[in-house]
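**Student:** Chains as they are written, first to last, in my numbering: chain W, 1 to 295; chain R, 296 to 471; chain F, 472 to 1237.
Don't take every hint at face value.
[Claimed, not checked] Here's a subset of chain F near chain R, in silico, CB distances under 10 Å, partners left out: (1) Gln496; (2) Thr502; (3) Pro504; (4) Ile1013; (5) Gly1121.
[As the list claims (entries may be wrong)] For each label pair, taking beta carbons as the anchor points, the in silico distance ranges come out as: (6) Thr227/W <-> Glu609/F: 29 to 39 Å; (7) Glu103/W <-> Ile899/F: 41 to 51 Å; (8) Glu17/W <-> Ser466/R: 28 to 38 Å; (9) Asn379/R <-> Ala865/F: 52 to 62 Å; (10) Glu103/W <-> Gly546/F: 55 to 65 Å; (11) Gln496/F <-> Glu307/R: 42 to 52 Å; (12) Ala865/F <-> Ala270/W: 47 to 57 Å.
Calculated from the structure, these hints are not laboratory results.
C-beta atoms are modelled at their ideal positions from N, C-alpha and C, and glycine is treated no differently.
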Amino acid sequence: MKTITTDFNYLAAKTAEEALDLLCEHKDDDYRIIAGGQSLATAMKHRLIAPEYILDIKGVSDLDYIRFDEQEGLKIGALATHRAVEKSPIVREKYGVLCEMEENVASVETRNWGTLMGDLCNADPAVDPAPPLIVLDAKITVASKGEERKVPAEEFAVDFFETTVQPGEMATEIRVPPLPPNSGVHFMKYSQIHGDYALASAAVLITLDGSKEQCVNARIALGGVGTTPIRAKKAEETLKGKKITDEVLAEAAAVASEETSPISGIEASAEYKKDLAGTLVKRVGKEALERARRA
Amino acid sequence: MKQQLNIVVNGEPHELFIEPKTLLVQVLREHLGLTGTHQACDSSSCAACTVVVDGMAVKSCSILALQVNGREVTTVEGLAQGKNLHPIQQAFIDNWAFQCGFCTSGQIMATKALLDENADPTREEIQAQLDGHLCRCTGYNMINEAVRDAAKRLKARKDLESQKWLQTAKSGKGAK
Amino acid sequence: MKEFSIIGKPTPNVDGPAKVTGEAQYTIDMTLPHMLYGKLLRSPYPHAKILSIDTSEAEKLQGVKAVITGKDTPGGKWGLWRRFRELSDQQALATDKVRFIGDPVAAVAATSEEIAEKALDLIEVDYEPLPAVFDPIEAIKDDAPMVHEDFPSNINATRHIEWGDVDDAFAKADYVREDRFVLEAAHPCAMEVHSSLASYDKGTGRLTIWTSTGSPYFVQQNLAEALKMREGDIRVIKPHVGGHYGGKNSTMPDAVNAAILSMKTGRPVKVVFNRDEEFTTTEHRTAQHMALKLGMKKNGEIVAFEVKAMTNGGAYTGLGATTLYLTGTFITMPYKIPNYRYDGVRTYTNIVWGTSIRGFGAVPGKYCSETQLDRAAKDLGVDPLEIRRINAVAPGYTAPGQYTFESCGIQPCIEKMAVRVKEKWPAIEKDEGIGYCGFAYMSGGIFNWIDTPYAYSSAHIKVNWDGTVDLYSQAADVGQGHNTVAAMICAEELGIGIEDIRLHMGDTAHAYTDLGAWGSRETLMNGNAIKDAASQVKQKLIDIARLKLGENIAYDLVARNKRIFLELRPERGLSYYDLVKDAIRQNDGVPLTGTGHYTPHNKGMISPAYGMGIMAIKAKVDRETGHVTARDVLVVHDSGQIINPLGARGQVEGSIHMGLGYGLCEEMPMDQGMLLNPEFVDYKILRTRDMPEIEILDVPTYEPNGPFGAKEAAEATIAPTAPALANAVYQACGAEFFSNVLKPEKVLKAIRAQEAKNNAASQAKE
């Protein structure tokens, strides 16, 4: 069976500060950051990557947190595991969609060790957390020694398996603002096998007016249908200002479908994924609407 | 350059010197000779290599051993007490929850982690916990039944222990 | 049905404690002192001449102890179809050319796996790529590249089966339909990859090899040919095996090269495949084209059936030629076919070869025949279960020159199914459908393609002073539970407990040949041999008991509950343990022994006995995504006398898992001979949340050819699963398929095509 056969220099950090120092020191070197390492191990076994340095941040406990306050919302540290998010009572209460998403990420074993941030940093276009974080208007803090910048979730991934994180930088926190009142959000992915990588996924956030009749805001994010997760902005426009009915949702679905540029793969063609994205938007939007009405 | 690794495996402390590229599964199988943990894939897709680290079921093939430094690992070899099988192991036998047995240690360790956290899981909860585990022999349904049975047995054992404790407490014996 | 002490009672796996504690050793777990690790260098081309191989750099790498190429091997060719020597087409390492991506050309033994892998990178091979062929229809064309030059064409094997007058019957039929199908390849996906640990003793010139196999005997035969050694100088030991499903019958380069490397280095050598090697270079379920022509009377009674198959054999024969034959026979079962013709062609192509995966040829054929049957039923206005009932065979049915069903419960199975379906599924939801499929399957094969001079199954027992029994046979438990069945049969016959029996199975040193675990043969064939051996010992004990009890010769004595006693007067008997001691004393101190064997004679061409039944699957279709959910499965099965109900259930459910995979998501797409999904991340197999509830009902019959009336119990259920599912989808929404693997995109296209057809039809009406 395959193992990691390429040697590397192993560096481990115990605090965020240490990690940023090491990153600064090695920013011109061929390095990779490892947290849970669930994707990294497989990539290295297959010799897809063979970095000279591995910077292990799994022990950076000061970034292992999930916090909430009513003003600033939810803060998820880089070392929070998928499982911690999945089981967090405060996340379940305030942002249940994130728990629902986590329940179907890979397997319990992967979620126990792998981090939500690590998954985002891997930047697979079908990565589950991206669409719900995008519609929730999350921001990701990217830090380097002495500096910090905040990146909107939809700008975090820039290409296949590539993020905006530069050499010497590290993503440290995900911040999710409080949900606007009268809002509902839902996420669904489709794969033929339960819990598998998504063929396509969709997250929809709908905000209604006080009377709960009209949609004042809609955010739609799709996974697996581009080189990165995408916002379906044109589809959002078809929902805003309207009383959402099944027909309106169907139109949004069709428009969203057109905004995608999926790639054909072994499992399905690009045409199917386009179609699927539309179907998911329709179904997810309907549930998001119900949740907004109940909010 | 080799680095020191200190881990407790099945209650026994070990000090090893390993290359950083060494995976936890290699430490268990090759360095410690605990071959009960198996590997059935190279893409972290099958969970056959599941062991319990600090109470969590994890894939030992996808973790650098150095990340487990200072932690406690339980493998399938750590469940039975001498000749007495753990109730989970006995439930797997009595419910024909394995055939070739190659994926079994992973299923059992994931079950251990589940039942330590949730003593009375529903069928859905069992399936959610074991969904990462590939099995080519059983079709899974008999495994799920074994886990339900294991939960019952563990509860019965716990009840029995509570009763014994209660009796001891009532009789005043053993009180210090 | 007769009441037994042990047979028929749920019995936990005798290997249970070993497997649940991690004590069980699989080949992949084993180590020996001074062991080296072997790796194989494989061709990146589907078809190429080998111009030169330079191993000098690899040999220099520290830790490398041997590097071999084709010229360093004994050069023997082998194959399982030894009856036709030209089909012994496999070799340890390619010599003049490579025939598929992954064909091994060199092997390395080193002190660690990592060093062995690094050494492979240092071997320089100069290839001259040749044109390659990947599809059987292309392979039979005149200008097709030749995969094996010593063959007249790329046709590896053909099979013709015929009875009655098919052309005349078609001419007279009320209804005729023809359909063509394309069946995909699938991989057995054993969780333990191919692994072998060979240890050659230079002093004695003898080889011992532990290998993950379903047939130690086959490995021994093939190694003798590959290594040009005597069989008797080769000992093959099967440790615990982590799955087989027909993919570990052939002796593969892991075993042969481990042996050669051990011979060269004088040290034990272990070869373990990576998972991608397992997918790309080991045997799989053969892809094929099939054409079926069905002729019926108005009422749905079959009058004629003609089947053509063109199978994508790949680079070597393996058991593919047998599979070709069996495809043409299983496809007729369990129905009365008065006139039949089958023509099967297996071609060589430049892909890894297809062979005898679980179902042994029944799977692709039944997919075609049973989905065709549902369409015929629709056209004729006959209920799909009724059409199967009309055509189902009765006990004693004979397909001329091919097979006879002695025990045969298909009709009571269908009756029971009809009743149970109404109870279980009184109403179905929108977009749900119920699909049926009838099936029958062998209990071991008759045709001796391996050309063995030995009995197909033998077993030896030795009873010791303390009454413990040592049972020896080469029979293979690969997870199906045969060790438990073997112990149960032996214990039942001797009237003792399983705890009294020590098994010594799967080791050729024990010389009691068994052909291995394939075609559901172990229970019937090895079981008969064990029962035979045990009955010899039992007779010796009975003879002594009769003497000691002094009873009337008319009274029969039986063995049960560790006693031998009068059947009619149970209180008059003697302890088994005492009788054993008497017998050994009487035998000049020699332990009691019995040697049993079984070879089927005069039982047709296929098998002495057949398990059979009918399956129903309720499935739901999502019309917008094309997702098919198998919700519920009902199997009504005639497995004769079931030996171990736990094991039988496990086998049925495992078969259904693999069958659902064949019908939903398992495929092996290739690009110019390169497999695109050689890891579990891309080769999809079902997980726990994808599996339906399964209910199994039993229609017990008594199979005269099997031990205690037993016959195959469970490989049969893989073949009906995918067609029953496809039929459920057809019933739910009219979508038709002419290939397996109902991926969502394919289903969605078919649904939309059907909806368009319906719209056009209703518009035409207006």
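**Student:** Checked against the structure, which of the hints given earlier come out wrong?
**Tutor:** Violated hints (numbers, rising): 3, 4, 7, 8 and 11; every other hint is consistent with the structure.
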